[in-house]
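Colleague: Listed below are the residues making up each chain.
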Amino acid sequence: MSGVAVINYKLANDVALTAVIPAARIFSGIAPINTPRPTISISQVSGLEYSVIKRGTSNLMTERVQITVHGETYPQKKEIIKLIRAALPSVRATVDGIKVDSITPDIEGPDMEIVDPDLHDQPVDYLVKYIR
Amino acid sequence: MAAHTDPASYTGATYAISASLPATYDAAGYAATTITYTAIGQVESFPEVGLEAPVSEFRPINGNVKHLKGTPTYGSGQMVMADIPADAGQVILKAAASSQNHYSMKITYADGEVHYLDVLVSSWKMSAHGENQAMKRTATISVERVPVIVAAT
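Which chain is which? The protein sequence lines are G and P, in order. Here the first sequence is numbered in my numbering, starting from 3 and rising by one per residue. Here the second sequence is numbered in my numbering, starting from 63 and rising by one per residue.
Note that these hints are calculated values from the structure, not bench results. Treat the hints with caution; some may be incorrect.
Unchecked claim - The calculated lysine-lysine pairs, modelled on BS3-like cross-linking and capped at a C-alpha distance of 25 Å, are: (1) G/K101 - G/K56; (2) G/K56 - P/K128; (3) P/K156 - P/K131; (4) G/K56 - P/K156; (5) P/K128 - P/K156; (6) G/K101 - P/K131; (7) P/K198 - P/K187; (8) G/K56 - P/K198.
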């Protein structure tokens with residue numbers, strides 16, 4: 003149960019996004035070496051539990067989740083980010099068994115463009131609030 | 063658990079409320095089985111309470127200032143919690159805010175020490191809204207008598 007799991011499930015089950023990147027190339031954690039592009043890796047940057055004096059069995063958790071797009075070209079990378087935004091509207095719902103309070107976009111990271119090897123990456127952050 | 067003999071935190075303390083008042087305002091009265099305390103869930107903070115007396119000054123023309131102590135108060139402030147509409151304790155707090163009656167509160171600390179308070183609840187508010195902010199309730203609690211403290215054993 004984690005914000006990463008919520009994001010992975012939403013992206014891997016989005017029809018428009020998986021038409022460009024198959025679900026098998028959407029990874030929690032890092033993509034394995036030699037995974038063909040485009041691919042997405044999803045990781046947790048930080049997490050914070052809503053602080054109460056006496057913790058119960060259900061606690062509101064806020065996780066910063068970083069979604070990194072590894073594209074084949076710059077325009078493709080940007081298009082994938084648009085698809086990610088469309089796949090992650092803020093919802094209050096149960097997602098894959100996890101009670102989600104909200105999913106909100108946060109900062110967009112820098113373009114990471116390398117000529118040799120030919121790499122076109124960019125991270126986007128989301129804040130996922132869910133009940134743990 | 064034995065009473066703490068080192069510095070301790072509030073972590074693990076539980077807060078409960080009852081509409082019933084004790085027959086006597088002492089440990090036996092508050093602990094009577096006729097009083098049912100209902101736990102208040104997801105408490106984030108509780109105000110500073112305890113005895114405080116105002117002090118005024120008399121400044122004679124000749125001589126030093128004299129300090130005069132007034133009648134004590136036992137404190138008031140805001141209790142903050144996550145908003146849980148179905149939480150039984152929060153339901154009672156909401157009713158208390160609309161009532162002129164006193165209520166009994168019971169605070170149980172992690173080492174077993176218990177504080178009983180005779181309180182008036184004078185507000186029940188939603189916290190200010192903000193993006194990504196938790197929904198919270200604040201209740202203004204005023205303590206009307208000296209707190210009754212039962213030591214941990």
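Colleague: Now tell me, hint by hint, if it's right for this structure.
Modeller: So, going through the hints one by one against the coordinates:
| no. | hint | result |
| --- | --- | --- |
| 1 | G/K101 - G/K56 | holds (21 Å) |
| 2 | G/K56 - P/K128 | violated (45 Å) |
| 3 | P/K156 - P/K131 | violated (35 Å) |
| 4 | G/K56 - P/K156 | holds (21 Å) |
| 5 | P/K128 - P/K156 | violated (44 Å) |
| 6 | G/K101 - P/K131 | violated (55 Å) |
| 7 | P/K198 - P/K187 | holds (8 Å) |
| 8 | G/K56 - P/K198 | holds (16 Å) |
Of the numbered hints given earlier, the model fails hints 2, 3, 5, 6; all others are met.
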